[in-house]
Amino acid sequence: MYRQPIQPRFSQGFSLLELLVAVVIVGILSAIALPNFLGQTNKARTTEATAVLAAIASGQEELRFRNSGSYIQIGVDGSTV
2 MYRQPIQPRF SQGFSLLELL VAVVIVGILS AIALPNFLGQ TNKARTTEAT AVLAAIASGQ
62 EELRFRNSGS YIQIGVDGST V
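Read in order, the letters of the sequence shown are residues 2 to 82 in the numbering used here.
Please note that the accuracy of each hint is not assured.
Between beta-carbon pairs, the in silico distance windows are [unchecked claim]:
id, residue 1, residue 2, range
1, Ala58, Phe38, 27 to 35 angstroms
2, Ala56, Leu17, 31 to 39 angstroms
3, Glu19, Ala50, 44 to 52 angstroms
4, Gln13, Thr51, 52 to 60 angstroms
5, Gln41, Ser16, 58 to 66 angstroms
6, Lys44, Ala23, 28 to 36 angstroms
Calculated directly from the structure, the hints in this document are not laboratory data. Idealized CB from N, CA, C, for every residue including glycine.
Take these sequences, add in the hints, and give me the full structure.
Structure (structure tokens):
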């Protein structure tokens, strides 16, 4: 004789309480992780901006050297020496 295992009446799916607990846990983890993610995004933007500014400064220095054959020297009062 084969007997089927007895299954509880509500064994299919999750209960509303289980879903609410899962949503709350995901919300807490998101609240913790989001500021860290945004901080890394800002850090990457700052690093990129610094690299772009360094490239611009390097290009300006190269242009000054090409145009004058030497580096421009500026005196304390702003006059060219």
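Each hint, compared with the structure:
1. Ala58 to Phe38: 27 to 35 angstroms: Hint holds: Cβ distance 31 angstroms, inside 27 to 35 angstroms.
2. Ala56 to Leu17: 31 to 39 angstroms: violated, 57 angstroms
3. Glu19 to Ala50: 44 to 52 angstroms: holds, 46 angstroms
4. Gln13 to Thr51: 52 to 60 angstroms: The hint (52 to 60 angstroms, Cβ to Cβ) holds, given that Gln13 and Thr51 are roughly 57 angstroms apart.
5. Gln41 to Ser16: 58 to 66 angstroms: With Cβ atoms ~37 angstroms apart, the hint is violated.
6. Lys44 to Ala23: 28 to 36 angstroms: holds, 32 angstroms
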